[in-house]
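Trainee: Quick mapping for you: the protein sequence lines, in order, are chains A and B. Using the working numbering, you'd call the opening residue of the first sequence number 1 and step up by one each time. Using the working numbering, you'd call the opening residue of the second sequence number 1001 and step up by one each time.
I should point out that these hints are in silico values taken from the structure, not numbers from a laboratory. Treat the hints with care, as some may be off.
[Claimed, not checked] Residues of chain A clear of chain B, computed beta-carbon distances all greater than 12 Å:
hint, residue
1, Q81
2, K183
3, R194
4, R196
5, F321
6, E468
7, A502
8, V545
9, E574
[Unchecked claim] With a straight-line Cα cutoff of 27 Å, these simulated DSS-like cross-link-like pairs (lysine-lysine) come out:
hint, chain 1, residue 1, chain 2, residue 2
10, A, K126, B, K1137
11, A, K467, A, K336
12, A, K212, A, K268
13, B, K1140, A, K169
14, A, K212, B, K1076
15, A, K126, B, K1076
16, A, K467, A, K309
17, B, K1137, A, K169
18, B, K1140, A, K126
19, A, K169, B, K1139
None of the values given here were measured: they were computed from a predicted structure. Beta carbons: idealized from backbone N, C-alpha and C, even for Gly.
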Amino acid sequence: MKQETAFTPAPGWEPIKLSAKVFGHISQGLYRTPAGAIKELISNAFDADAEHVKIHTDFPNFGIFSCEDNGHGISVDDFTQLMNRGFGSSMKRSEAGELTSRFHRPLIGRLGIGILSLAQICNEFKIVSHHSASKKAFEVTIQFPPYTKEELDRAEKKKGGYVIGGAYKFSEIPYNASNSGVKIYTSALRATFRRRMQELGDRFAKKAHMGKNDPYLSFEEYIDCVYNSKLISKSLTLASDYDQLLFGLALSAPVPYFEGGEGDVILKADFMQQIQKRLKGYKFVVEVDNLRLARPLVLPSNREGIASKQCRLLPGRDHQFQLCDGSFQETVTINKYSVEVDSQEEKYALYHLKYYNAMVGGRPLRISGYMFNQTGRLYPREIQGVLIRIKNIAIGTYDNSLMYYPHAEGPRFSMVSMEFFIEEGFEDALNIDRDSFNGLDPHYVRVQSFVHSMMRTIFPEIWTEEKERNKRRREELKKVSQQKLLGAINRTSAAAPMRRVAVNEPQNASESDAPVQFRKGQIEVTSSHPLLGPALKRRKSRAVVEQIAIAFERALRESTDLKRRQVFYKLLSEIFSA
Amino acid sequence: MHSTARFSRWWNDPIKHYKRRHYWIPEAKKLQRELDGKRGFRYFTLCSREMIDVFSLIKEGIVSYDTALHKINHVKFCEIDETIFPEIKDLVGYEDSGFLGRLEDIVLFQGDSYTDKFTSRGEINTEIERLGEAIPKEKKHRLELKSQHLSLQQAFPFDFVNYDFCDIYYPNPPDTMRINSAVDRMVEWQSRLGIEEGREFFLKRFLLAVTCRFDDNVSKDAYGRLATVVAANQREYPQYRIALERDPVRKDLKKWQKQDPFDLFLSAWPKELIRIMEKRQWRMEIRGFVFYPRVSDLGKHYTIVSLLCDCIRQNSVGTHEGQSLWLLDRNNRDKLKPLSRSSAEGRPLYAHLQAVVTKRNAQAQYRSRPLLPKI
């Protein structure tokens, strides 16, 4: 095959041969975010049976990056092959059911592109590998120079050809068994990456929440800052790129769920505990800047501050829906666990999702997962929607369109968080960046149909619960503002205090009667009064109109115009104060 | 989790630990008591991955260790090896605790008309980004070095600066005074305003330990420099001149250099530091002046020299004649000898070192880093 040179290695350096397609992907930026690029290294370490991955970003300078794992390393032969037309050329994936030898982890699978993901954030890096099986070690420096558009266009024209996309300098070093694994170091980080990371300022979650600029002391502190900062908790897009990087890596990595802080209600379910146990059983620890990553989910997560410890999971019961995928239909049974909230009338729900079909697009598809919904928006926004994991690795981020759900459900979209764990299938659904899906793949379409069909039955339930919740809230707010007004009225006079407001509907109220009566300890409002009644018709403004009427009638009882005005405006300012 | 480098050859050297235990630690303890709990003890080191100095100070309660978070407070380090750098950072526990590179390069960064335009790390990075991926390597290196220089400067001051670089103090020309200049710059930075948890402070006192190496590779220029120091002392201090004239070897500088170059070095070299302190308005008192022999992997003999200086803030500094005479007195230098593990002095020393190693290994275990072997 013909080679097209985009770059000429210096003396002493060997060329890296890439397929034109891969060359283009890398040059144009394969990953949407730095987390997308770095997670490849974590996946490689997982597959290599590493117990630890340690990443250092050099916060807050971000001038040096390192990623070290203690897996079984890369062999000299594998590396040489990668450098010589091996990247992305075979598109090899792991076979279904293939497990790692030591910790029996489901192999995430290699496209032979993982290491090159680093090219997105730096243009030179060093790899040191001690390979336990062959007892050989090597050190290599890899360079990826900047590419011009002309070079990219030329390379693209050579379909099926290879290009010289970089250079490497290789040397074998003495093998040291205690150093088994792959270590990557670079201080040639791209300026844009550094700048974006360095821009902390007020967007740094720790600064926003605690007023401090120093590094996070623990992952728990990080979670506390992200979930409880007034500003950042709305959405991570308001947080610094560093915070987003941490969140992205913690979300995507095959690590257990976060168990600190207030806890997570989904972990109260048996099926989730089994998943947690399985994840812990992989014995895989990922640390970034000395923070031990965990899946950064805290559910429930809302503005009311309701925490997991206030939630009680009721026994599960079956919930059925009709899955419609084009003309294909199937009855699916999932489990619903209602979630009761202590001393509140809130009701949340946790669903255990399962699906298997032996023939979807000619291949079996097996998925499991969960769906959690609460009343009230989930914060931050980044945990709203659907997240799909393949072999424990998150693909992309949460899709808050619920895979392009075709109906308008307003704020209810923001109350749902679900994860799917693909156990079998999806081999061809994944795009080369391993961060997104081919939307026409049959397996993807089937899961999409699952979500849409399921949500068509669940959204109405959420809607009902939300209506009732809003009603409860309105009544609560009404009670509070009524109490406030009563307090204000009682302060205007030395007479016996008013304790409650009662709304009556007598049949024959006339205009000459006062629509508001002040009786012993009680203010009575005649809602059918011919003068007041019409103003009370609009449900949204009813409570305020009632209060203004009370204020007006109270003011009328004063002896002079001045006093009437004084009382009325004073009560008005109470009604409209915060 | 393992780093690529092996442990350094002298990490468990009992003589080195003797120096720490009997010279550094007592003085550091005194200084720490003076802080009176108002702030943490701040330590700067060139420790390698073994970090015995750091854990010695932790064991003695001088450097603060957070047992809940497993982090070492107020310690910063510089390390030249990128494969060791993340390991030390792991053991310290703070991501912003380290500086990668050669300390002298970072400290002595000299601006030029181009780099002087950028006064902050943000401005430097904006410039690097502006120039794009095709930025000349040298330009990028200069800009990044400046960025590191600014960061390191902002980390000062420290209560204890441990400049344990174990190399020749006067390198071969053209950079014979490079190490000295680096010390000068760091002492200058010691006058900076410090901020800790929002509270400002200035140092009134600090410790400086400088450990270097002496062998027969010391250059002609270096001896020329030492001769200059001696000559200056002779001019300034009559008693000093008399003391030299009374000694049959020392009275002739060339003879002194030929017959006892080590003595010349020990007599004159510390004056470099005294001069720096004087210039920067510190009074320097020597709390420890030790040396001990070593043999390199290639069988070459050399000597490690270590000076512990107590530096006290003073607006005006008087004569140094007393110190110059003190340096001439061979009795004021301690030659550290090998200690047997079973001797009366050796047993507690080895036990102390083992305790330090145990503490260090506990941290390494927690951080999944290589453990040091038993002493």
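Trainee: Are the hints correct? Go through all of them and say.
Mentor: Hints versus structure:
Under the 12 Å C-beta cut-off, the non-interface status given to A/Q81 relative to chain B holds; the minimum distance is some 23 Å. At the 12 Å boundary, the C-beta of A/K183 falls inside the reach of chain B, the nearest C-beta of that chain being 6 Å off. Listed as a non-interface residue, A/R194 fails to keep its Cβ farther than 12 Å from every Cβ of chain B; the least gap is roughly 5 Å. Some Cβ of chain B comes within 12 Å of the Cβ of A/R196; the nearest lies about 10 Å off, and the non-interface call is violated.
The non-interface label for A/F321 is consistent with chain B: the shortest C-beta to C-beta separation is roughly 46 Å, beyond 12 Å. Distance to chain B confirms A/E468 as a non-interface residue, since its nearest Cβ pair spans about 44 Å, more than 12 Å. Non-interface status of A/A502 relative to chain B is upheld: no Cβ of that chain comes within 12 Å, the nearest being about 55 Å off. With a minimum CB-CB distance of about 51 Å to chain B, A/V545 clears the 12 Å threshold, and the non-interface call stands.
Every CB of chain B lies more than 12 Å from the CB of A/E574, the least distance being 41 Å, so the non-interface label holds. This hinted pair checks out: A/K126 and B/K1137 have alpha carbons roughly 17 Å apart, not beyond 27 Å. Among the hinted pairs, A/K467 with A/K336 is consistent with the structure: their alpha-carbon atoms are about 20 Å apart, no more than 27 Å. Under the criterion of a C-alpha separation no larger than 27 Å, the hint pairing A/K212 with A/K268 is inconsistent with the structure, at around 34 Å.
Using a Cα cut-off of 27 Å, the hinted pair B/K1140 and A/K169 holds, with the two alpha carbons roughly 22 Å apart. Between A/K212 and B/K1076, the direct Cα distance comes to roughly 19 Å. Compliance with the 27 Å bound is thereby established for this hinted pair. Between A/K126 and B/K1076 the alpha-carbon distance is near 25 Å, which keeps this suggested pair within the 27 Å criterion. Between A/K467 and A/K309, the direct Cα distance comes to roughly 25 Å. Compliance with the 27 Å bound is thereby established for this hinted pair.
Restraint check: the Cα-Cα separation between B/K1137 and A/K169 comes to about 18 Å, which is no more than 27 Å; the hinted pair holds. Taking the CA atoms of B/K1140 and A/K126, the gap is near 18 Å; set against the 27 Å cutoff, the hint holds. For the hint pairing A/K169 with B/K1139, the CA-to-CA distance comes to about 23 Å; that is within 27 Å, so the pair holds.
The structure shown violates the earlier hints numbered 2, 3, 4, 12.
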